[in-house]
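Novice: Residues per chain are reported as follows:
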Amino acid sequence: MPQLTETFDRPEQATAAARSRGRAKGSRTEFWMLLPSIVVLAIISIFPFLFLIYASFMDYSLSIDAPSFTGLDNWRRVFESDTFWQSWGRTAIFGVAGLALELLLGVAVALLLYHAPKGRNLIMTLWMLPLFVAPVVSGLLWKYLLDPTYGLYNWFLERIGIHTQILGDISTAMPAVILMDVWEWTPLITIIVLAGLQSVSQEPLEAAEVDGASGFQKIRFILLPMVRRMIVVALLIRSMDILRYVDTITIATEGGPADSTKTIGYYLMQVAFRFQDMGTAAALGLTMLFVTMVMGNIFVKMMKKGEG
Amino acid sequence: MNRTTSAVPIVSVAMAGVLLALSACSSSSNTTNPSNSQPSASASANTSAPAGSAAAFGGMAEGPFEGWVEGLPKIEAPAGFDWKQFSGTQLNFISENTPPSSALAANIGIFEKATGIQVNIEQSNLDIVAEKVGLDFNARNANYQLIYADPYQILSKQSKNLADLNDFNNDPSLPHIPGGLEDFIESQLQADGYMGDTEHLYALPYDSPTMVLAYRKDVFDKYKDQFQQEKGYDWTPSANMTWDQYYEISSWINDKVKSGAISEVKYGSGHEAKQHDSLQADFSNVLGAYGADYFEGENLGSVGAARPGKSLLTSPEAVEAATMYKKLLDIAAPGSKTWDWTGVAEAFAAGDLAMAPIFHENNAMFEDANKSKVVGKVAWSILPKGTKRSANLFGGTGIGISKYASEKEQKAAWLFLVWATSPQAQYMILKSEEAGSTPTRHSVYNLPDVKKGMEPGTEEAKAMPNLLPMNAVLEAWKLENVYMRPKVPQWPQVDTIIYTELSKMLFDKQTPEETMKAIAKKSDDITGN
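Same order as they appear, the protein sequences are chains A and B. In case it helps, full-length UniProt numbering puts the first sequence at residues 1 to 308. In case it helps, full-length UniProt numbering puts the second sequence at residues 1 to 529.
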């Protein structure tokens, strides 16, 4: 009869084997516990991703019976389209300007709140209000406020002699849309950065105080470096979000006037749902995914650099 | 500061407040099912006996629907037909958020009471409707059994997913179209109901908004003599007015407003020239007036075609039309470039504009004192002429049935269609408090009170405000005056190209000639020419 029981020369060997068995058993338990999540992830993420790749090579319109293979036609159409490149250009302007303003304002307000002697909670609550507004409602809100017939802001501008159609002029529509995003999402940066500031140890600040550091020096050389990771996390979240910013644009400008607010997200939505050309939309979506991954990677590297 | 302008910010703040409050709510459904709503008070009860009873008439019996009036064809079914046989069936009707659908939702109780069929009416913007219908058809789900089949955004692409209504209308066991197909206005039936040929009927005409010229009668009457003295002709809008005269009149009013001589309005004219479907609609009126069109294919505006042929927009007539359109927009109210069809109507209702090409069903809003400052001051004419004719864009739609619905649901949906597009339901919609819509049926226009309602100042006109523009609209529907867009499957893409390039033209990013060339080239790419 074969020897089924393991024999060990030293007690520590027995202990290591027991640990190994424990780890294996633990791994199995972890696997079974993770399995539902993996299945859900596969259904909601991996399968659609694979389907997106498949659709990008198909002539796949909602009005045709069965998709047919078209090779690289969709990709060629995407890359040869002026609208595609122009939409990416506008998205870059929108993203860089929006993120820069949100970062500056968000960090500034977080620092103000951090140093506020009292009333921090009340101010924070008021400051956060735009975050609770759905982007579609935000679009409606701004559209009404800037409406040339009955908009409050338009009425006010006319009273002071400024006759302009903010959402109806190619030079002001994009800045207006950027400001709508800044209004809505700057509080998110504030919350994240403020959380980071509140977790900063007081000892370095007290030491700097003793050394005679000014308030600006404390912010520049102690606080900001210590919340650098939080800022990068906030930027990571917002940058991914800003790429697919379509709700407010759809309501406020519908990509106009003269395409001046047509970002890549809006263009994708137009191709997918107005033209119902899912093949081209899939190729467009994959380019967005690619850019999002590159951006995500850059921010993760920035975080790791900060850790180093 | 006058009372009206000081109210502006208050309204705006109120709207902002409401929106903020709404955003805190999680419920955003706009599905309506007013199954408990009462029949319209204005509808006279059909005193006929219930279906299948002794009220048989030539082998047919009247349907059990309230609202029939003398002079209209009756809703009838084969004797013995059980109108309640589909009781308990639930139908979903997806529609653009239009006045007739609101009126139908408010009066759906009439249908539900008579048939026991429950109808949920979901209303959204047309883009959303087209998107949801496309996804539903693609999944073969039939979540929506009843489809608001816009001829250009939906029917042209999705006709093969709609049931052939001839099958129901020719079924001897089912009720038929009251008054027959011939009671529909022929050109509207062609545009709304067919695709490619007249062999299959996919939808029945349901609404009929048409672009005509709304103008401020008070302004045109008051300054008529002064204008005539200066310019030498009667400026009252009529079938003889040209786009050149429209331009001249608009400029003249702008000048007088600037000098303070005219204070009743802020601008001579306004347009729906936002980068939106509305811009294409507004431009099409001028394009057609100069004898140009989008494609070379035949019958594109009536039954439509799968392939439209080459673009015609590089023709001299098209370039002339684009040049005129640019000229018109250069002097129009600056808000024009931000207005879609709702925006320009709201500006007109606010008293800002002396005239504007507008969908005629907005007259109900203009005559509603709660929404308008121009009550009793509005008159209508067909649109100005170009070098060839007056072209007035038709924007009507039909209702169809998803072919993926079960047989029982399709038959229940047919009963709804028979009722909703019947002369009596169209009459009910016309009279509804929700401002309704103008009928698609000849028989309704032949009713004495409807004829009276087309004359300004009558009690009937007050009760049915959408009738006031009807003299102009009936003129606009004549074959020589109506403009029907091309009904082709590629229209959503072509439409987007048209209004995007036009928007660039309006902001001087390209000339009218370059614009027409760009649209022609891109359209030909899309249509494979």
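If you are wondering where the hints come from, they were derived from the structure by calculation, not from laboratory data. Watch out, some of these pointers could steer you wrong.
Unchecked claim - Which stretches of chain A does chain B cover? Using the computed rule of at least three CB atoms under 8 Å from a CB of chain B, they are: (1) 139-151; (2) 181-194; (3) 250-256; (4) 262-275.
Stated by the list, open to error - Simulated crosslink set (EDC-like; lysine to aspartate or glutamate; CA at most 16 Å straight-line): (5) Lys451(B) <-> Glu131(B); (6) Lys509(B) <-> Asp169(A); (7) Lys522(B) <-> Glu80(A).
Unchecked claim - The calculated label-pair distances, taken between Cβ atoms and stated as ranges, are: (8) Pro334(B) <-> Pro67(A): 28 to 34 Å; (9) Lys301(A) <-> Asp508(B): 31 to 37 Å; (10) Leu104(A) <-> Lys462(B): 37 to 43 Å; (11) Pro334(B) <-> Phe51(A): 30 to 36 Å; (12) Leu72(A) <-> Asp368(B): 52 to 58 Å; (13) Ala306(B) <-> Met293(A): 46 to 52 Å; (14) Asp244(B) <-> Leu104(A): 38 to 44 Å.
Glycine is no exception: its CB is placed at the ideal position from the N, C-alpha and C atoms.
Novice: What are the numbers of the hints the structure violates, in ascending order?
Specialist: 2, 5, 8, 9, 10, 11, 13, 14
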